[in-house]
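Protein chains in written order, with my numbering: chain A, 1 to 308; chain B, 1001 to 1308; chain C, 2001 to 2308; chain D, 3001 to 3308.
The hints are simulated quantities; they were obtained by calculation from the structure and are not laboratory data.
It is possible that some hints are incorrect.
List time: in silico DSS-like cross-link candidates among lysine-lysine, alpha-carbon distance up to 30 Å [claimed, not checked]: (1) K5(A) with K77(A); (2) K195(A) with K140(A); (3) K3116(D) with K280(A); (4) K3195(D) with K23(A); (5) K2211(C) with K3136(D); (6) K2195(C) with K3023(D); (7) K2136(C) with K1004(B); (8) K2246(C) with K1023(B); (9) K2245(C) with K3116(D); (10) K3201(D) with K2201(C); (11) K1005(B) with K160(A); (12) K2195(C) with K5(A); (13) K3023(D) with K2136(C); (14) K1005(B) with K3164(D); (15) K2160(C) with K3201(D); (16) K2211(C) with K3246(D); (17) K3211(D) with K164(A); (18) K3010(D) with K5(A); (19) K1005(B) with K2245(C); (20) K3010(D) with K47(A); (21) K245(A) with K1116(B); (22) K3149(D) with K164(A).
Protein chains: 4
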Amino acid sequence: MTMKKVNQIKIGRNVTVNDLVKKFSEIGVMGAGNLGKSADILEMMIKDKDCKVFLGIAGAMVPGGMQNVIIDIIDNKYADVIVTTGAILTHDLVEGLGFDHLQGHSSLNDAELYKKGLVRMYDSLMKSSAYIVLEKFFDKNFNKLKEAKNIREFLSILGKNAPKNTILNACYRNNIPLFCPAISDSGIGLMIWGKIARGMKINIDTFDDMKEILDIAWTSKSSGVFYIGGGVPKNYIQQSMQFSKKAKYGVQITVDVPEYGGSSGASLREGVSWGKLEDKARYVDLKCDATIALPILISALKDRLGNI
Amino acid sequence: MTMKKVNQIKIGRNVTVNDLVKKFSEIGVMGAGNLGKSADILEMMIKDKDCKVFLGIAGAMVPGGMQNVIIDIIDNKYADVIVTTGAILTHDLVEGLGFDHLQGHSSLNDAELYKKGLVRMYDSLMKSSAYIVLEKFFDKNFNKLKEAKNIREFLSILGKNAPKNTILNACYRNNIPLFCPAISDSGIGLMIWGKIARGMKINIDTFDDMKEILDIAWTSKSSGVFYIGGGVPKNYIQQSMQFSKKAKYGVQITVDVPEYGGSSGASLREGVSWGKLEDKARYVDLKCDATIALPILISALKDRLGNI
Amino acid sequence: MTMKKVNQIKIGRNVTVNDLVKKFSEIGVMGAGNLGKSADILEMMIKDKDCKVFLGIAGAMVPGGMQNVIIDIIDNKYADVIVTTGAILTHDLVEGLGFDHLQGHSSLNDAELYKKGLVRMYDSLMKSSAYIVLEKFFDKNFNKLKEAKNIREFLSILGKNAPKNTILNACYRNNIPLFCPAISDSGIGLMIWGKIARGMKINIDTFDDMKEILDIAWTSKSSGVFYIGGGVPKNYIQQSMQFSKKAKYGVQITVDVPEYGGSSGASLREGVSWGKLEDKARYVDLKCDATIALPILISALKDRLGNI
Amino acid sequence: MTMKKVNQIKIGRNVTVNDLVKKFSEIGVMGAGNLGKSADILEMMIKDKDCKVFLGIAGAMVPGGMQNVIIDIIDNKYADVIVTTGAILTHDLVEGLGFDHLQGHSSLNDAELYKKGLVRMYDSLMKSSAYIVLEKFFDKNFNKLKEAKNIREFLSILGKNAPKNTILNACYRNNIPLFCPAISDSGIGLMIWGKIARGMKINIDTFDDMKEILDIAWTSKSSGVFYIGGGVPKNYIQQSMQFSKKAKYGVQITVDVPEYGGSSGASLREGVSWGKLEDKARYVDLKCDATIALPILISALKDRLGNI
């Protein structure tokens, strides 16, 4: 067995992000090495024309300044299918409707924030008046939304009618199927509840769009999975791999760890036992705050991939 | 300000779990202190006749040996409403149908496990043949299940027809409403997909049962929240508090931390800014593996509460 | 390969801690299973008359209420050698000199605490006036302490002159060698600095007592390692195993994880590559707050071991 | 109160690391925001001519490819005082003596690695034959080393005689005082033990160099603290601040969290209660793998600071 050495990297001046990430690949171990490998594997799965990239996104990405980075992923077609949380889509829509998130601090007094109409997500704040504007948006669009029969269709209509600078609209305009199994668990869910509580009718089936994501997984020659955080988005893609074809590539960014047994922290390797991942797949588990790792990876990918 | 001292506890012989937990309350700080407080606050919220207890459960609780502990919570009516994940209900049903989870190890070779028909959840294993038995169960019960119009009804019918030694049946027989917003993200979801993929019809609305959980939250005099892990179960209860009444009591057990901004690791205190938790609420964030903390808390509660 | 099933435990009334821990052993997986195994392996290593138990202790154990639990370990001779941090010995001495730690909260205003003369360790507080009493103690005992030529001797003299209800004195009176390689990194270190800054002389060799710990490791028939937290105490014992005999038993309690590469979070298994641990050793990595796990383990051990 | 908005950053092509870090500053929250702030505060503390920068370094930095990054910090005089662990200095010397670390994997079989003479630090490997070369180095230099009377002097002599491409030599040639309170807890410690076990004499005082670090802290107009990881290096600098002047600037990079009470995970803010940090200090706690964050910060600093 010949082993590669850990390269003790040197940092010069005016280094580009992509150059730094390439140096990280030469380290080959620990966090930096895994960040380097993540870029390499993402590059592979995106370049591989036979491969559909399934992207799962969870966490406070929009309150953490990542909305445009995600929109950029979509506009560059680095992903073919997206699964996310209701919270991300709500934050996304709120930003799109003109409500910036604000820089706060984790030690702010929450009772005072409540009085001031500010809600807190760790050190990021949002005006609670955003819900009023959100409500108006749903008043205006409810009749269109109720045409949907499943969640993917619901989100497609939502995206069509959402402002351009949203993840929702970016998926719509790029024709990227967007899934959100737990859509009721979100501000968007609460808006729909507000309608049905007043007797309005809508019927969005909870199982129906499983056909669509499983069809995509079945019919693609191969698959790559890219998880930003865990939760439902990761697990929903994982189970789609299990019941179709094993993924050929995998990158996950999370700070959750395997030892407590939950799906969010589970190693990608564990997926081999389930038939979710090929034994010979190229994959890496990156332990890093996603708001740090994601812009670095996208910067590297943009330099490597140019216009695909 | 008079301050309580940290009691340097002494351990005798034949100590009961409840006695140890009481000593932990006298420490008053750090992990042990928070475990002590958790028992005290749970005791309060369960004894408070005006209070409805909303229990959220996520994570690998059944592969981790907690199925009967959770059934015990339900049979003792320590919770009035339960929100959980599809994975927990799938593991629960699999155990109920006679498939034990097995003791493995995290360093087992996943490719070999796959060949042997064993799937891995960290160091717990399950025979993949469980899916065959699961499929038969859904073949048999599909016609009943399709009578449901929303997820809560679907789970109620599932519980009625599930074996007695399941969380599903325990909720049914005790008339505890059980919610699972992301039910499609699970083995149960995959079973239903198997049916609709072959043209069978079922229509389970994804938003409809929000009315029920929000009605319970609105009509109860006060609420307590008890989170075992984070994910959708925690967030779904949190948003129900936000759009009804603030919780008066709160206990959460998780190893996730707030610094990364996600909902799972968010401190309960953050909920004050959202109007999810009363500023004067009694609450505690316990950082502990739930498979350790939960049996300890239930043991203490059984000794303290007797038959309610 | 026959596999043990994960026992779905049931909790009765008036359960003793030891009974609960035995049930945890029957789970066999995840956190609870590892806590069960920890008790079983500690029982083995303590009962094994040929085995010397090397105990490493780090973290805020005394501010967290664990002082008497640790003293109990020493008085019951569950450990043959102890390595710890200067902070633990400082907190220990401060408690022994009559300064209780106090119950605070992590959200207290630190600038106000400073004005009030209270120092904070997460949610535990200590009066900063403790340093005055500590200084008097070292004024009184400096002439004795300067007789020591290495750190172990220094701590032995300190223990002889410390109040009875201290870890320091318990080690002295039970003739348990106590090591603290980073003694200068502590309030005790600062007290000695206060003397030498005023021209007083003391010469405590930093390498000299390595002979003693390595001699114990070499001359014992076998060794067991028990780590409460990581840091220097763990690593110092680990390197003593590496340069003598591999440990036969190992238990570590920590919430640190291996992925970041540091010694504190390193798995015990990694020690096999170093020759620190026998390949066939009985060992377990327990991810748990030590202020929760330790009293549980000691309670179980007292019931199992009686008077040794 | 006017609040800054969270900037939703956009990533262009050929972005330099420094430009990305500036964008992170405009996010202002979560991990990316804290990385941005870390660069800004480090820039301030290094530019401030009245400020001495105290750098603490712990963790597997050299097996993780960071040796030259740290040497670059020293050669650029970004730090005035360094405190580190014996492990880092051992890995540093081993690399300097020609032993590369090697790229392995965390799932390698440790019993086989042992047979092959490879020791593992998570996924980084080292040949155990490095200890033979290390021993020769100490044979050759022991007579010089025994001239030292305290640990700082010992490390200065070690640095003078170490290969040029080491942290040890870089500190020596740049006249940066290097401290390592737990030097006996390391391969270097074991080498010295090897000598004294064979009757050779050396007397390195464990408390003596506290005078030097505290004198530097007392006599500087102001101080900045920069912690890469926790452990003894962080705590030793923290206590030096406590007994001299409060730090005016602070940056810490760690994945440890405060909730378990240990010093490594303690928030910098907690230091305000101790008088270790000014209430008005500029400081930030960055939760990130240091092998990722450090090269990014150094890249940004090199572009911002040029030749100082």
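Hint check:
no.	hint	in the structure
1	K5(A) with K77(A)	violated, 35 Å
2	K195(A) with K140(A)	holds, 12 Å
3	K3116(D) with K280(A)	holds, 25 Å
4	K3195(D) with K23(A)	violated, 40 Å
5	K2211(C) with K3136(D)	holds, 20 Å
6	K2195(C) with K3023(D)	violated, 50 Å
7	K2136(C) with K1004(B)	holds, 26 Å
8	K2246(C) with K1023(B)	violated, 38 Å
9	K2245(C) with K3116(D)	holds, 18 Å
10	K3201(D) with K2201(C)	holds, 20 Å
11	K1005(B) with K160(A)	violated, 60 Å
12	K2195(C) with K5(A)	violated, 48 Å
13	K3023(D) with K2136(C)	violated, 53 Å
14	K1005(B) with K3164(D)	violated, 54 Å
15	K2160(C) with K3201(D)	holds, 28 Å
16	K2211(C) with K3246(D)	violated, 39 Å
17	K3211(D) with K164(A)	violated, 63 Å
18	K3010(D) with K5(A)	violated, 35 Å
19	K1005(B) with K2245(C)	violated, 44 Å
20	K3010(D) with K47(A)	holds, 23 Å
21	K245(A) with K1116(B)	holds, 18 Å
22	K3149(D) with K164(A)	violated, 69 Å
Violated hints, listed in ascending order, are 1, 4, 6, 8, 11, 12, 13, 14, 16, 17, 18, 19 and 22; each of the other numbered hints is respected by the structure.
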